[in-house]
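Asks: Letter by letter, the chains look like this.
Protein chains: 2
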Amino acid sequence: MANYSADLSSVYYALADPTRRAIVGALGRGPEAVSALAAPFAMALPSFMKHLGVLERSGVIRSRKEGRVRTCELVPKTLSQAERWLAAQRATWEARTDRMVAFVEDLHRNESSRAKPRR
Amino acid sequence: MANYSADLSSVYYALADPTRRAIVGALGRGPEAVSALAAPFAMALPSFMKHLGVLERSGVIRSRKEGRVRTCELVPKTLSQAERWLAAQRATWEARTDRMVAFVEDLHRNESSRAKPRR
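Chains as they are written, first to last, in numbering that gives the first Met the number 0: chain A, 0 to 118; chain B, 0 to 118.
In isolation and in its complexed conformation, chain A is listed as follows (with noise of 0.2 Å):
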């Protein structure tokens, strides 16, 4: 990650929206000129802009000009982060649930053993 860490809270906010989640999916089959991204999308073009710019300033997009046409792609890593937060909240409360089931086990255990019948 070096000296680069997108904003976590700007990631997902640029994810909250259905708009911009689709935009994410298109761009991850490859760059795209901003008129061919937008063109399946029933929307005017400036409001299209706007979610365009949400997602550059969050990181998940970047954008270069050439001529007169914009191309939009992915930048992955960002999106890398956002899921990485998650794995991480997913890890501890697997190692919370894995505690639990072994200490459930445990009185299991002590419990079946104390039931047998002594001769």
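Hint data in this document are derived by calculation from the structure and do not stem from the laboratory.
Backbone N, C-alpha and C fix where the C-beta goes; we use that ideal spot for every residue, glycine too.
Just so you know, not all the hints are guaranteed correct.
To be verified - Stretches of chain A that chain B covers, calculated by requiring three or more beta carbons in the stretch to come under 8 Å of a beta carbon on chain B:
{"id": "1", "stretch": "12-22"}
{"id": "2", "stretch": "25-31"}
{"id": "3", "stretch": "70-82"}
{"id": "4", "stretch": "88-95"}
Claimed, not checked - Here are the simulated DMTMM-like pairs of lysine to aspartate or glutamate, each with C-alpha atoms no more than 25 Å apart in a straight line:
{"id": "5", "chain 1": "B", "residue 1": "Lys76", "chain 2": "A", "residue 2": "Glu82"}
{"id": "6", "chain 1": "B", "residue 1": "Lys76", "chain 2": "A", "residue 2": "Asp16"}
{"id": "7", "chain 1": "B", "residue 1": "Lys76", "chain 2": "B", "residue 2": "Glu55"}
{"id": "8", "chain 1": "A", "residue 1": "Lys49", "chain 2": "A", "residue 2": "Asp6"}
{"id": "9", "chain 1": "B", "residue 1": "Lys76", "chain 2": "B", "residue 2": "Glu31"}
{"id": "10", "chain 1": "B", "residue 1": "Lys49", "chain 2": "B", "residue 2": "Asp6"}
{"id": "11", "chain 1": "B", "residue 1": "Lys76", "chain 2": "A", "residue 2": "Asp97"}
{"id": "12", "chain 1": "A", "residue 1": "Lys76", "chain 2": "B", "residue 2": "Asp16"}
{"id": "13", "chain 1": "A", "residue 1": "Lys76", "chain 2": "B", "residue 2": "Glu82"}
{"id": "14", "chain 1": "A", "residue 1": "Lys49", "chain 2": "B", "residue 2": "Asp16"}
{"id": "15", "chain 1": "B", "residue 1": "Lys49", "chain 2": "A", "residue 2": "Asp16"}
{"id": "16", "chain 1": "A", "residue 1": "Lys49", "chain 2": "B", "residue 2": "Asp6"}
{"id": "17", "chain 1": "B", "residue 1": "Lys49", "chain 2": "A", "residue 2": "Asp6"}
{"id": "18", "chain 1": "A", "residue 1": "Lys76", "chain 2": "B", "residue 2": "Asp97"}
{"id": "19", "chain 1": "B", "residue 1": "Lys76", "chain 2": "A", "residue 2": "Glu93"}
{"id": "20", "chain 1": "A", "residue 1": "Lys49", "chain 2": "A", "residue 2": "Glu72"}
Starting from the known structure of chain A, arrange chain B on it as the hints suggest.
Replies: Same frame as chain A, but now just chain B:
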């Protein structure tokens, strides 16, 4: 997932705040009463309750009240959905990268076989 599916937009929106992410982190270690959960945060209780409300409405956490104590816990399934969406985007992107690498390798192989001196 059956007939339950949290709205991804509200889930990502819920995660787009450092306080709410810290609450998720704390609840990963187990259910907790609101008062204990709020203690480490330098924040008035009404503001804290608003954050809990956003998390609960998105399905990231749930709470129950027993007597005067409200206890919160994570809903791991909701976070898993958010993680899976990100993993799916990565899979799409990685499949594309793999195809590009294969394409470039093919190109390189063809170039080298053509560059061999003929006898």
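Asks: Is the Cα-Cα distance between A:Lys49 and A:Glu72 25 Å or less?
Replies: holds, 16 Å
Asks: Are the Cα atoms of B:Lys49 and B:Asp6 separated by 25 Å or less?
Replies: The given pair, whose Cα atoms are some 19 Å apart, holds under the 25 Å limit.
Asks: Check whether the Cα positions of B:Lys76 and B:Glu55 lie no farther apart than 25 Å.
Replies: Holds. B:Lys76 to B:Glu55 sits at ~13 Å (cutoff 25 Å).
Asks: Tell me if the straight-line CA distance from A:Lys76 to B:Asp97 falls inside 25 Å.
Replies: At roughly 17 Å apart (the allowed maximum being 25 Å), B:Asp97 and A:Lys76 satisfy the hint.
Asks: Checking one constraint from the list: CA of B:Lys76 to CA of A:Glu93, max 25 Å. Satisfied?
Replies: Between B:Lys76 and A:Glu93 the Cα gap is close to 12 Å, so the pair holds against 25 Å.
Asks: Decide if the proposed pair is consistent with the structure: A:Lys49 and B:Asp6, CA atoms, cutoff 25 Å inclusive.
Replies: Within the cut-off at roughly 22 Å; holds.
Asks: Assess, step by step, whether the Cα of B:Lys76 is no farther than 25 Å from the Cα of A:Glu82, and give holds or violated.
Replies: Holds - the C-alpha atoms of A:Glu82 and B:Lys76 are around 15 Å apart, at most 25 Å.
Asks: Quick check: the stretch 70-82 of chain A, covered by chain B? Criterion 3+ residues, Cβ under 8 Å.
Replies: It holds: at least three residues are needed, and the stretch 70-82 of chain A offers 6 whose Cβ sits within less than 8 Å of chain B.
Asks: Residue count check for the stretch 88-95 of chain A against chain B: does it reach three with CB-CB under 8 Å?
Replies: Per the Cβ count (5), the hint holds.
Asks: Please work out if B:Lys49 and A:Asp16 have their alpha carbons no farther apart than 25 Å.
Replies: Holds, because 21 Å separates the two Cα atoms, which is no more than 25 Å.
Asks: Decide if the proposed pair is consistent with the structure: B:Lys76 and B:Glu31, CA atoms, cutoff 25 Å inclusive.
Replies: holds, 18 Å
Asks: Does the structure keep B:Lys76 and A:Asp16 at a Cα separation of 25 Å or less?
Replies: Between B:Lys76 and A:Asp16 the Cα gap is close to 20 Å, so the pair holds against 25 Å.
Of the numbered hints listed earlier, not one is contradicted by the structure.
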